[in-house]
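Undergrad: Protein chains in written order, with the working numbering: chain A, 1 to 388; chain B, 1 to 388; chain C, 1 to 388; chain D, 1 to 388.
Since the hints were made in silico from the structure, they are not lab data. As the structure is a prediction and not an experimental result, all values here were calculated from the model. Possibly wrong hints are sitting among the right ones.
As the list claims (entries may be wrong) - Straight-line distance between alpha carbons at most 25 Å, and here's what the computed DSS-like set of lysine-lysine pairs gives:
1) K208/B x K31/A
2) K115/B x K233/C
3) K233/C x K116/C
4) K112/D x K31/C
5) K31/B x K112/A
6) K116/A x K208/A
7) K208/C x K233/B
8) K233/D x K236/A
9) K115/A x K31/B
10) K233/D x K115/A
11) K70/D x K233/A
12) K236/D x K31/C
13) K31/A x K115/B
14) K31/A x K233/B
15) K233/A x K208/D
16) K31/B x K116/A
17) K31/A x K271/B
18) K236/A x K116/D
19) K115/D x K31/C
20) K233/B x K236/C
21) K208/B x K233/C
22) K31/A x K236/B
23) K236/B x K112/C
24) K208/A x K233/D
25) K271/A x K82/A
26) K70/B x K70/A
27) K208/D x K31/C
28) K116/C x K31/D
29) K82/A x K70/A
30) K31/D x K115/C
31) K236/C x K236/B
32) K115/D x K233/A
33) K112/C x K70/D
34) K31/C x K70/D
Number of protein chains: 4
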Amino acid sequence: MRDLTAVKDALKDHRIELPSWAFGNSGTRFKVFGQPGVPRDPFEKADDAAQVHRYTGVAPAMAVHIPWDKVAEYDALAAHAKAAGITIGAVNSNVFQDDDYMLGSVCNPDPKVRKKALAHLLDCVDIMDATGSRDLKLWFADGTNYPGQDDIAARQDRMAEALAAVYARLGPGQRMLVEYKLFEPSFYTTDIPDWGTALLHCTALGPKAQVVVDTGHHAPGVNIEFIVAMLLKAGKLGGFDFNSRFYADDDLMVGAADPFQLFRIMHEVVKAGALAPDAGVAFMLDQCHNIEPKIPAQIRSVMNVQEAVAKALLLDEDALHAAQLAGDVLASNAVLMDAYNTDVRPLLAELRQEMGLAPDPVRAYLASGYAEKIIAERVGGNAAGWGA
Amino acid sequence: MRDLTAVKDALKDHRIELPSWAFGNSGTRFKVFGQPGVPRDPFEKADDAAQVHRYTGVAPAMAVHIPWDKVAEYDALAAHAKAAGITIGAVNSNVFQDDDYMLGSVCNPDPKVRKKALAHLLDCVDIMDATGSRDLKLWFADGTNYPGQDDIAARQDRMAEALAAVYARLGPGQRMLVEYKLFEPSFYTTDIPDWGTALLHCTALGPKAQVVVDTGHHAPGVNIEFIVAMLLKAGKLGGFDFNSRFYADDDLMVGAADPFQLFRIMHEVVKAGALAPDAGVAFMLDQCHNIEPKIPAQIRSVMNVQEAVAKALLLDEDALHAAQLAGDVLASNAVLMDAYNTDVRPLLAELRQEMGLAPDPVRAYLASGYAEKIIAERVGGNAAGWGA
Amino acid sequence: MRDLTAVKDALKDHRIELPSWAFGNSGTRFKVFGQPGVPRDPFEKADDAAQVHRYTGVAPAMAVHIPWDKVAEYDALAAHAKAAGITIGAVNSNVFQDDDYMLGSVCNPDPKVRKKALAHLLDCVDIMDATGSRDLKLWFADGTNYPGQDDIAARQDRMAEALAAVYARLGPGQRMLVEYKLFEPSFYTTDIPDWGTALLHCTALGPKAQVVVDTGHHAPGVNIEFIVAMLLKAGKLGGFDFNSRFYADDDLMVGAADPFQLFRIMHEVVKAGALAPDAGVAFMLDQCHNIEPKIPAQIRSVMNVQEAVAKALLLDEDALHAAQLAGDVLASNAVLMDAYNTDVRPLLAELRQEMGLAPDPVRAYLASGYAEKIIAERVGGNAAGWGA
Amino acid sequence: MRDLTAVKDALKDHRIELPSWAFGNSGTRFKVFGQPGVPRDPFEKADDAAQVHRYTGVAPAMAVHIPWDKVAEYDALAAHAKAAGITIGAVNSNVFQDDDYMLGSVCNPDPKVRKKALAHLLDCVDIMDATGSRDLKLWFADGTNYPGQDDIAARQDRMAEALAAVYARLGPGQRMLVEYKLFEPSFYTTDIPDWGTALLHCTALGPKAQVVVDTGHHAPGVNIEFIVAMLLKAGKLGGFDFNSRFYADDDLMVGAADPFQLFRIMHEVVKAGALAPDAGVAFMLDQCHNIEPKIPAQIRSVMNVQEAVAKALLLDEDALHAAQLAGDVLASNAVLMDAYNTDVRPLLAELRQEMGLAPDPVRAYLASGYAEKIIAERVGGNAAGWGA
């Protein structure tokens with residue numbers, strides 16, 4: 001059991017980044033349900049993200065998605081965010097929502113399409129320059145649906161070529177985070193389907209290229225905390241896209257489907273000393289609140305991560321280490337479970353009060369009247385959403 | 001090895017039903033790619049479906065999806081289809097694309113929504129009366145995304161109530177086909193997630209209620225031909241929604257991902273004597289051609305099913321039975337594999353020529369100029385697609 | 001939040017049944033590791049099971065496995081168990097460890113083997129008469145490894161015939177529990193692979209035939225609490241075989257891999273009023289402690305189940321119901337998570353002290369010297385294990 | 001369509017290596033069924049392997065497993081094999097069947113166990129020197145069953161240390177092949193669970209360390225041919241352990257569960273020019289014939305691989321390449337399927353006759369009387385099997 005003050009200090013320092021797209025409408029291929037009061041532009045998304053930070057105190061940045069968050073003046077967006085109390089975080093590129101990308105973007109067999117996709121990626125670095133963002137998050141929908149459709153190896157060469165061009169464009173203090181995903185929207189091959197492929201590319205590129213782990217992007221049964229431990233050991237874990245799932249890439253609230261898994265992941269992070277902001281691991285949410293209201297869902301998600309972190313920090317690492325070395329299977333498991341079974345909600349309530357916050361962020365948000373206000377005000381215009 | 005004439009006769013009698021929605025644009029939650037020449041209304045969809053029948057000779061019906069295929073006069077649609085050489089097949093209800101259905105349709109906690117959904121289902125039976133359709137295909141997106149979100153057992157009661165009301169409305173010669181699906185768009189519970197649940201409902205309802213097996217709707221590793229054998233044995237297999245997948249409900253062309261599985265399924269059908277139209281099993285396609293042209297993709301899919309059927313028909317059932325009873329594992333497997341490894345394409349080419357068709361349906365379609373014609377003609381208006 | 005006294009009373013009444021085979025050596029196909037002090041006969045297994053009950057107070061029965069627990073006089077075994085403070089629980093048949101069963105037992109294509117297997121099942125009912133057991137637990141390894149190896153439908157007929165003969169032999173107050181399993185040791189078809197198949201057989205047989213849910217016997221992603229709710233609704237849930245897994249049928253300690261899932265299952269049980277012994281649901285463990293000491297692993301497993309039950313009992317069902325009916329996704333999930341996130345260990349420690357037990361059963365067992373005693377005494381003879 | 005003579009030449013040159021353990025008894029944790037006539041020592045295994053080569057002409061090597069194939073004089077075993085017409089292939093180490101390895105071998109927390117395991121690995125290289133084997137195949141059962149049981153990162157360090165020591169001991173012309181496996185016998189973490197981990201170790205070691213792909217060792221849905229393409233591209237594919245599965249590591253005959261997948265894998269191999277023996281890829285079988293006779297099962301497996309190779313060789317690579325570059329999804333898939341749908345059995349029968357073999361190897365073996373001979377002769381002694 002660590003010193004409680006140290007635990008609290010670590011929790012206060014911990015930072016969770018919010019995704020702008022979680023505040024817009026989202027859904028499945030079957031239906032995007034509209035919700036009242038959703039933002040109509042990136043400025044309103046920043047307002048909503050700022051609410052999450054206001055009640056949790058640990059979520060001071062919002063990632064943007066280009067072109068969903070395209071604005072004329074990125075400095076203005078950054079200034080607006082700053083006024084609301086937050087900053088602009090990672091820039092997420094999007095090379096999958098244009099008809100040209102039907103057969104892929106940077107891996108497309110058509111060199112014209114590849115060129116267009118690469119230009120977009122480079123534009124994203126321009127935006128990073130304007131917003132002061134550190135991280136370019138690269139997720140590619142590229143892949144194929146049918147055996148034989150394209151050449152697996154040739155597509156890797158095209159991928160490598162594009163990544164190298166982007167890498168060369170990165171400025172000082174900028175990084176690229178390469179994301180992998182088993183499947184969807186491609187249904188036979190995906191060009192970066194697993195951490196092995198992502199790591200090969202990042203290693204070839206250099207130290208500014210890091211792997212990002214989306215907790216919903218693995219095959220059934222894959223042990224995610226093992227991958228996290230491997231990437232941390234290799235110095236190549238750039239960050240997380242947190243969410244949870246029962247089936248595929250369900251994008252549910254992090255901690256909703258398997259809170260024990262989330263704890264085990266955070267245990268690896270804490271053990272490796274990678275929790276603090278200067279360790280270079282970005283803790284980002286990447287979720288779709290298809291049927292629940294967006295802002296309280298984000299607040300709840302931040303709280304779920306915090307609870308997992310708190311449990312991981314409270315774990316008695318000395319006792320664990322001793323039991324492991326002694327080969328005592330039941331005792332070492334018991335030390336881990338003791339930490340997990342602890343109810344850390346009172347500790348976190350106390351922490352929030354020390355930070356000048358309400359002990360229950362969801363309740364405080366619901367009582368604030370903000371939800372009613374945006375429903376009343378945000379009338380007219382197009383609600384933001386996937387693809388908008 | 002069966003008598004070749006009998007094999008050909010069985011192949012000529014076999015019927016495959018096409019889905020109207022396969023001819024419109026489709027995609028994933030990330031993007032629906034538009035293709036030139038796609039139909040703008042149900043009449044044009046029927047024209048395209050008729051093309052598939054024209055070149056394959058075994059696909060004389062098109063299922064419709066309501067409200068995607070809503071028209072003012074269903075008799076007119078039926079007449080249009082008839083003039084094009086096909087009929088209207090199953091009516092598919094859709095109670096998942098209206099904002100009211102965010103938390104479910106017939107299982108929604110709100111009785112007003114349940115009432116609305118039920119009214120739609122009953123409307124679909126009216127449409128069946130007008131089109132002369134035999135089958136009402138019921139797939140429900142109903143379910144929940146989060147543990148605790150709703151009461152699993154209470155939702156079953158609501159489901160049973162709605163199904164009973166629809167059942168009571170069925171006329172003579174009409175059936176309802178109840179479809180199950182593991183997940184998507186619901187990500188925690190789905191109200192009819194497996195064949196056990198579908199069968200429980202159909203058994204409670206009576207002989208006009210039958211289960212439909214969508215080959216993409218199972219958990220990884222589930223043995224689909226086993227389920228087919230069980231439902232055939234119970235007299236409860238109403239039909240198939242054919243497609244294929246590598247991961248989840250990928251809706252690829254049937255036979256594209258695992259042609260051996262398709263053969264094993266058809267082997268169970270043939271063995272149970274359920275191939276002929278009067279056996280009451282509907283062989284329907286349910287696919288999304290997200291990146292490939294729709295009409296030739298449907299033709300290819302029909303051919304893939306035919307090839308699996310031909311192999312199943314050619315299997316030496318006497319030799320198989322003898323090897324099975326003798327407990328000869330390798331010999332019984334070898335009999336099955338002999339059938340599967342046979343190249344049935346020459347036989348099917350011959351069959352088509354006997355039917356007055358071109359031996360290679362895809363080539364014949366591509367040479368016909370139809371694709372170029374619809375691209376030129378179908379300009380203006382809204383392309384049909386998921387949700388349209 | 002329920003009345004705490006009622007919660008404690010429910011916890012005191014709850015009964016968990018232990019498997020005799022968990023006390024013997026076990027392993028994988030790669031290796032069975034021997035542990036010192038393991039029992040050499042069923043009497044010593046009963047002694048060990050009695051230790052688990054001694055420290056937990058809620059595990060007063062031990063299931064037996066025939067022929068692993070074959071003894072000359074079952075009355076003597078029952079008397080020995082009684083003297084040690086426990087009773088003999090379910091009788092588990094075993095028709096998979098004889099060379100005759102290579103191609104199946106009751107589903108074997110050879111009628112002589114089927115006859116032999118059936119005779120064993122009927123012998124098990126004789127043993128139930130002698131031990132006073134209520135439940136005959138039937139798990140069949142029957143299935144096939146290769147497509148074509150045997151006829152799926154014919155094997156179902158053989159299965160039905162054997163089950164009917166056993167059913168007819170059951171005396172008053174006796175039941176048969178039919179278990180399903182996706183795969184292993186059969187690798188293509190399993191004759192009872194899922195709850196749908198088990199339920200079909202049990203429904204055909206009658207009220208004394210019930211389904212048993214082994215938590216490790218499902219495909220990846222299958223929602224087990226949904227199945228539990230369905231079987232409870234149908235009046236057909238006879239019991240559980242508890243264990244946990246990350247991959248296949250790993251048979252780890254229950255609650256070790258996904259404690260949240262265990263809680264969700266117990267929530268369905270509690271909601272349906274099926275926790276109390278007179279509800280007829282048997283809560284059995286079925287685990288293999290391949291690398292950890294057996295007795296403390298069983299104690300820990302009992303505690304894990306108790307913790308899940310306590311959380312389920314503490315859930316505020318009124319608040320949950322209200323939030324569900326209101327369609328408040330986040331609030332209903334929050335009610336469920338509040339119960340799950342509660343640390344129930346202090347409550348259970350208090351409960352044990354009220355029952356005259358030590359608050360920490362594992363610690364009390366370890367301090368008792370029993371482990372050292374059996375290691376010293378159980379020298380010579382053959383250690384019990386899988387297949388012995 | 002390639003030149004038929006070139007196709008045949010490639011097929012004649014192709015080499016498939018047999019596993020000695022496939023000829024002994026095997027099974028699951030539930031039961032190892034004994035078969036009559038199985039070998040009682042490594043010499044008899046070599047006799048049986050020679051039979052497979054005798055009828056197929058492409059399987060001239062048998063891999064050994066130490067200590068299962070421990071003999072006093074390895075030169076004598078090599079000479080015996082040579083006299084029978086084959087050679088000794090890869091040496092497989094076994095550090096999982098000793099009680100000391102309960103918590104792992106080279107990753108064990110106890111340094112004494114690690115030392116013992118490493119000594120065994122080094123002994124295996126001594127055996128390679130004696131048998132003239134090129135490849136040391138390293139599969140580790142190492143892992144943990146429970147969260148917290150041991151330190152994931154620390155175990156990697158121990159693994160790396162052992163591998164480095166073995167690498168340093170390799171002589172000229174010797175290689176080590178590092179195998180990965182998702183799970184079993186470990187059920188929480190496995191120390192080398194995926195190709196990413198195996199590749200990290202092999203890259204750190206150097207050019208003599210290569211990855212081996214066992215087709216049964218992946219999570220559901222993982223695209224194996226993609227991994228094959230990646231490893232070939234990285235110059236790190238050392239070989240295959242072929243088998244097939246429907247569920248987990250079922251170890252069925254290769255090509256029995258998903259022959260289309262096997263073809264897709266061989267397509268990647270052929271495309272990369274890695275089929276010929278001098279490309280350095282070892283094509284090994286690794287199977288368990290639990291319920292079928294061993295020798296004909298191995299013959300069938302060799303034939304299944306040959307059929308997949310023949311189809312891959314017949315594929316019209318120019319047409320495929322052109323369709324891929326044109327972005328013609330259906331045409332490129334059709335080219336691949338044309339090759340797959342070809343019945344190559346006549347071609348292979350012709351090839352065998354050109355090689356002086358019977359056209360149907362299984363039939364020829366069954367007619368030879370060898371099976372009856374070994375059943376009659378191999379009486380007394382202990383049948384070889386897993387762990388023996």
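Undergrad: For a C-alpha distance cap of 25 Å, please report whether K31/A and K115/B respect it.
TA: holds, 20 Å
Undergrad: Taken at face value, is the distance from the CA of K208/A to the CA of K116/A at most 25 Å?
TA: holds, 23 Å
Undergrad: What's the verdict on K31/C and K70/D, does the C-alpha distance respect the 25 Å limit or exceed it?
TA: holds, 18 Å
Undergrad: When you check the alpha-carbon spacing of K271/A and K82/A, does it fall within 25 Å?
TA: violated, 33 Å
Undergrad: Is the Cα-Cα distance between K236/C and K236/B 25 Å or less?
TA: Holds, at roughly 21 Å.
Undergrad: Is it true that the CA of K115/A sits at most 25 Å from the CA of K31/B?
TA: holds, 20 Å
Undergrad: Run the distance test for K233/A versus K208/D: straight-line Cα separation, threshold 25 Å.
TA: Holds - the C-alpha atoms of K208/D and K233/A are around 24 Å apart, at most 25 Å.
Undergrad: Check the hint pairing K116/C with K31/D against an upper bound of 25 Å on the C-alpha distance.
TA: Holds, at about 18 Å.
Undergrad: Measure nothing beyond the straight line between the CA atoms of K31/B and K116/A; if it is 25 Å or shorter, mark the hint as holding.
TA: holds, 18 Å
Undergrad: Need the status of pair K233/B, K236/C: alpha-carbon distance at most 25 Å?
TA: OK: K233/B and K236/C at ~22 Å, within 25 Å.
Undergrad: Checking one constraint from the list: CA of K70/B to CA of K70/A, max 25 Å. Satisfied?
TA: Violated, at about 37 Å.
Undergrad: Are the Cα positions of K115/B and K233/C separated by 25 Å at most?
TA: Measuring from Cα to Cα gives roughly 24 Å; hence the hint holds.
Of the numbered hints stated above, those contradicted by the structure are hints 1, 3, 11, 12, 14, 17, 18, 22, 23, 25, 26, 27, 33, listed in ascending order.
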